[in-house]
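Chains as they are written, first to last, in the numbering used here: chain A, 77 to 438; chain D, 77 to 438.
Hints listed in this document are in silico derivations from the structure and should not be mistaken for laboratory results.
The structure displayed is predicted, hence computed values, not measured ones.
Hints are supplied without guarantee of correctness; some may be wrong.
If the Cβ cut is set under 8 Å, some of the chain D residues that face chain A in the computed set are [what the hints assert, rightly or not]: (1) Phe107; (2) Met115; (3) Ala145; (4) Leu146; (5) Glu151; (6) Arg184; (7) Thr223; (8) Ile244; (9) Thr272; (10) Cys371; (11) His412; (12) Ser413.
Using 30 Å as the maximum straight-line C-alpha spacing, the simulated DSS-like pairs for lysine-lysine come out as follows [to be verified]: (13) D:Lys235 x A:Lys157; (14) A:Lys234 x D:Lys235; (15) A:Lys402 x D:Lys269; (16) D:Lys164 x D:Lys99; (17) D:Lys164 x D:Lys375; (18) D:Lys234 x D:Lys180; (19) A:Lys157 x A:Lys86; (20) D:Lys99 x A:Lys234; (21) D:Lys269 x A:Lys263.
DEER-style ranges, computed between Cβ atoms [said to hold, decoys possible]: (22) D:Thr254 x A:Arg132: 40 to 50 Å; (23) A:Glu328 x D:Gly368: 41 to 51 Å; (24) D:Lys180 x A:Trp355: 45 to 55 Å; (25) A:Lys269 x D:Gly368: 26 to 36 Å; (26) A:Gln376 x D:Ser83: 28 to 38 Å.
Just so you know, even glycine gets a beta-carbon here, dropped at the ideal spot from N, CA and C.
Letter by letter, the chains look like this.
Number of protein chains: 2
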Amino acid sequence: MASSSISSFKAADLVVQLSPSLKTKPDVVDFGTVFTDHMLTVEWNANDGWQTPLIRPFGDLSLHPACSALHYAVELFEGLKVYRGDDKRLRLFRPLLNMERMSKSAERACLPAFDQSELLGCIRRLIEIDQDWVPHLGPACLYIRPTFIGTEPSLGVKKPNRALLYVIMCQAGSYFNTELSLWANPKYTRAWKGGTGDCKMGGNYGGTLFAQHEAGSYGCQQVLWLYGEDHQITEGGTMNIFLHWINEDGDEELATPPLDGIILPGVTRQSILDLARKWDEFKVSERYLTMGQLCSALKQQRLKQMFGSGTACRVCHIGSIVYEEKNLQLPNQDEHSLSSRIATELTDMQHGRSPSDWTYLV
Amino acid sequence: MASSSISSFKAADLVVQLSPSLKTKPDVVDFGTVFTDHMLTVEWNANDGWQTPLIRPFGDLSLHPACSALHYAVELFEGLKVYRGDDKRLRLFRPLLNMERMSKSAERACLPAFDQSELLGCIRRLIEIDQDWVPHLGPACLYIRPTFIGTEPSLGVKKPNRALLYVIMCQAGSYFNTELSLWANPKYTRAWKGGTGDCKMGGNYGGTLFAQHEAGSYGCQQVLWLYGEDHQITEGGTMNIFLHWINEDGDEELATPPLDGIILPGVTRQSILDLARKWDEFKVSERYLTMGQLCSALKQQRLKQMFGSGTACRVCHIGSIVYEEKNLQLPNQDEHSLSSRIATELTDMQHGRSPSDWTYLV
Numbered sequence: 077m078a079s080s081s082i083s084s085f086k087a088a089d090l091v092v093q094l095s096p097s098l099k100t101k102p103d104v105v106d107f108g109t110v111f112t113d114h115m116l117t118v119e120w121n122a123n124d125g126w127q128t129p130l131i132r133p134f135g136d137l138s139l140h141p142a143c144s145a146l147h148y149a150v151e152l153f154e155g156l157k158v159y160r161g162d163d164k165r166l167r168l169f170r171p172l173l174n175m176e177r178m179s180k181s182a183e184r185a186c187l188p189a190f191d192q193s194e195l196l197g198c199i200r201r202l203i204e205i206d207q208d209w210v211p212h213l214g215p216a217c218l219y220i221r222p223t224f225i226g227t228e229p230s231l232g233v234k235k236p237n238r239a240l241l242y243v244i245m246c247q248a249g250s251y252f253n254t255e256l257s258l259w260a261n262p263k264y265t266r267a268w269k270g271g272t273g274d275c276k277m278g279g280n281y282g283g284t285l286f287a288q289h290e291a292g293s294y295g296c297q298q299v300l301w302l303y304g305e306d307h308q309i310t311e312g313g314t315m316n317i318f319l320h321w322i323n324e325d326g327d328e329e330l331a332t333p334p335l336d337g338i339i340l341p342g343v344t345r346q347s348i349l350d351l352a353r354k355w356d357e358f359k360v361s362e363r364y365l366t367m368g369q370l371c372s373a374l375k376q377q378r379l380k381q382m383f384g385s386g387t388a389c390r391v392c393h394i395g396s397i398v399y400e401e402k403n404l405q406l407p408n409q410d411e412h413s414l415s416s417r418i419a420t421e422l423t424d425m426q427h428g429r430s431p432s433d434w435t436y437l438v
Numbered sequence: 077m078a079s080s081s082i083s084s085f086k087a088a089d090l091v092v093q094l095s096p097s098l099k100t101k102p103d104v105v106d107f108g109t110v111f112t113d114h115m116l117t118v119e120w121n122a123n124d125g126w127q128t129p130l131i132r133p134f135g136d137l138s139l140h141p142a143c144s145a146l147h148y149a150v151e152l153f154e155g156l157k158v159y160r161g162d163d164k165r166l167r168l169f170r171p172l173l174n175m176e177r178m179s180k181s182a183e184r185a186c187l188p189a190f191d192q193s194e195l196l197g198c199i200r201r202l203i204e205i206d207q208d209w210v211p212h213l214g215p216a217c218l219y220i221r222p223t224f225i226g227t228e229p230s231l232g233v234k235k236p237n238r239a240l241l242y243v244i245m246c247q248a249g250s251y252f253n254t255e256l257s258l259w260a261n262p263k264y265t266r267a268w269k270g271g272t273g274d275c276k277m278g279g280n281y282g283g284t285l286f287a288q289h290e291a292g293s294y295g296c297q298q299v300l301w302l303y304g305e306d307h308q309i310t311e312g313g314t315m316n317i318f319l320h321w322i323n324e325d326g327d328e329e330l331a332t333p334p335l336d337g338i339i340l341p342g343v344t345r346q347s348i349l350d351l352a353r354k355w356d357e358f359k360v361s362e363r364y365l366t367m368g369q370l371c372s373a374l375k376q377q378r379l380k381q382m383f384g385s386g387t388a389c390r391v392c393h394i395g396s397i398v399y400e401e402k403n404l405q406l407p408n409q410d411e412h413s414l415s416s417r418i419a420t421e422l423t424d425m426q427h428g429r430s431p432s433d434w435t436y437l438v
């Protein structure tokens, strides 16, 4: 947590302008298309620092056309969810990890620091106001998108003197409906040492659409991002990647690439590692994984499951990979698959069925 | 040039809404801080295609807070200048190269295609309307910033179904006042193979501010971007880089890194290569250049000059480089330096003093 000595806006100063009319809530929607009635905005400028945080009716932003976010991608975001428990209470899942990562992204983007607990306090208030938007049934939940953009109204490539932090919330719907197929090709690279791949900055995403489109032409839904001459496995689409296998030494292992600068430190990734280490039933590793190692494991029937993780997609089974003109069929998912066990444990915590200090009551 | 068979907006369809009041024009300003009275906007959506292009009073954009440019940097831009000649006529410099590059960036960003000559026609009209903003004196000129952003109002990471192309114009002022000092350190990487470094996409810039800030702490103005184990010289700040030297074989050479995917294909870069090849007085090469080669040339007094090039900065002498805890002092600029000769030739064309098919009358 950031020290409270940081100059920051304060949740206690929140000004709330309620919307005069509330929207109807559609039943089932695609991820990220239907937004709640209110949003949080906090402006900053270099002269006066942070301004009063404001909760106001959801609506368009008015931005100078030279705005540094629109030209130079001085921008970052976070993604977290709020769940309605079986006990009707609302819970966030490890939100301090999101606040911490957002602070790191802000530092990397040359955007100003803020007090993480104050931002979380503002988000709690926003959730309270729009709490009827958190679905009442099943595993559905509401997705929260903190966003932080440079709003400097001039074209020099430099640290912005103005910025806007805002938070919007939307129905999460279902992100991927089925098991995933991935296209693995070294011709596109998601992130590089010395770049920003370990921060949640906008620039990491815009460049990936073209590769995603090409993946589609191979019948795949997402890209499996490779790195380096040895075709290291890094991420899949916008997910962290896990292999559950019998490794080269014959040991059962859950493995995911290490946080070496090109991997996004996912909250779900961390939670899966933490859970599996607590279980202490097999080896849990942050280690380099290559396509060669994956292909060998497949051939020798050592792979148990490959899956992705992320806040939007949760835990997502990977069914096949197109790589070097072959369509690799991976082991099927069933109720014994590790991803099923992990998803159940996480869901039980998120919905208050099993007590956990990872959940945070709103 | 794109074929006219592309579905595109047309300059002939332009709707012009003139501003009821015109701003006063300040005398000397920093680059990119003071904008003209009007702007061009053209909207696109996947259902209806391109909408009617509109010239309207300069003002804020109204954007959905989930806008894909603000979250995923689905955005790109161009930069070109309009010059007032000694004959009072207004000239653009090789604008078709900017239109061509903008089309390539749009393809890479999964934004829709447009007819390059139609966009150029719209820009001409915008310049005509705001022509009093083109400075009457000296080398000053007006800077034109075409911008193209995804405006999809939802949070899925995907090809946007809405987009906005707009053009704003601003006083160019002076970009760098003095010779440049650069900080060369491999810890930050601007671009990488399989990325977007050869396109003018916003994501290439936001990640560089942090390194630029660190360069400042070493007393340098900009970063000299290195690449790979052998510390290849790639770009400097937002400029292409040239060495004028006696190369390893004893030949006089003007050299700049090749367009291998991580180098922005600068219009000024291309023009310098074209000019020098036309002169045919020394070897002109697009080749890899490493810090080791530069250091050897310095030691053996084979370096004549190092300079950067770009539309905003024009041709800019580099005076020193901080590298591996040494402050390398480079040869001084004087009236015999190649950068001076190049700047004079380019300026003479741009201001209509020497005839050139590179200029384009507005």
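Comparing the hints with the structure gives:
Satisfaction of the interface hint for Phe107 (chain D) is found here, the shortest Cβ-Cβ separation to chain A being roughly 6 Å, below the 8 Å cut-off. Against a cut-off of 8 Å between C-beta atoms, the interface hint on Met115 (chain D) holds, since the closest Cβ of chain A lies about 6 Å away. Taken as an interface hint, Ala145 (chain D) checks out: its beta carbon lies about 6 Å from the nearest beta carbon of chain A, inside 8 Å. Restraint check, Leu146 (chain D) versus chain A: the minimum CB separation of about 6 Å is within 8 Å; hint holds.
Because the smallest distance between the Cβ of Glu151 (chain D) and any Cβ of chain A comes to about 6 Å, under 8 Å, the interface hint for this residue holds. Residue-level restraint check for Arg184 (chain D) holds (minimum Cβ-Cβ distance to chain A is 5 Å; threshold 8 Å). Because the beta carbon of Thr223 (chain D) sits about 6 Å from the nearest beta carbon in chain A, less than 8 Å, this interface hint is met. The criterion of a C-beta within 8 Å of any C-beta in chain A is met by Ile244 (chain D), whose closest approach is roughly 5 Å, and the hint holds.
About 4 Å separates the beta-carbon of Thr272 (chain D) from the nearest beta-carbon of chain A, less than 8 Å, and the hint is met. Interface hint status for Cys371 (chain D): violated, as the beta-carbon distance to the closest one in chain A is roughly 21 Å, over 8 Å. The criterion of a C-beta within 8 Å of any C-beta in chain A is not met by His412 (chain D), whose closest approach is roughly 31 Å, and the hint is violated. Hint status for Ser413 (chain D) relative to chain A: violated, with the closest Cβ pair at about 26 Å, above 8 Å.
Simply put, Lys235 (chain D) and Lys157 (chain A) have alpha-carbon atoms about 24 Å apart, close enough for the 30 Å limit, and the pair holds. The straight-line distance between the Cα atoms of Lys234 (chain A) and Lys235 (chain D) is roughly 28 Å, inside the 30 Å bound, and the hint therefore holds. Between Lys402 (chain A) and Lys269 (chain D) the CA atoms are separated by roughly 24 Å; this keeps the pair inside 30 Å, and the hint holds. At roughly 22 Å between alpha-carbon atoms, Lys164 (chain D) and Lys99 (chain D) fall within 30 Å of each other, so this suggested pair holds.
For a cut-off of 30 Å, the pair hint linking Lys164 (chain D) to Lys375 (chain D) is broken: about 48 Å separates their Cα positions. Only pairs whose Cα atoms come within 30 Å are accepted, and Lys234 (chain D) paired with Lys180 (chain D) is accepted, the gap being roughly 19 Å. A hinted pair counts as satisfied when its Cα atoms are at most 30 Å apart, and Lys157 (chain A) with Lys86 (chain A) qualifies at roughly 22 Å. Note on Lys99 (chain D) and Lys234 (chain A): the hinted pairing holds, with a Cα-Cα distance of about 26 Å set against a maximum of 30 Å.
Our distance criterion of 30 Å between C-alpha atoms is met by Lys269 (chain D) and Lys263 (chain A), whose separation comes to about 8 Å. With their beta carbons about 46 Å apart, Thr254 (chain D) and Arg132 (chain A) fall inside the hinted range of 40 to 50 Å. In this structure the hint that Glu328 (chain A) and Gly368 (chain D) lie 41 to 51 Å apart at CB holds, the actual value being about 47 Å. Lys180 (chain D) and Trp355 (chain A) have their C-beta atoms about 50 Å apart, which keeps the hinted 45 to 55 Å range intact.
For Lys269 (chain A) and Gly368 (chain D), the hinted distance range of 26 to 36 Å is not satisfied, since their beta carbons lie about 20 Å from each other. Here the CB-CB span from Gln376 (chain A) to Ser83 (chain D) is close to 52 Å, at odds with the stated 28 to 38 Å.
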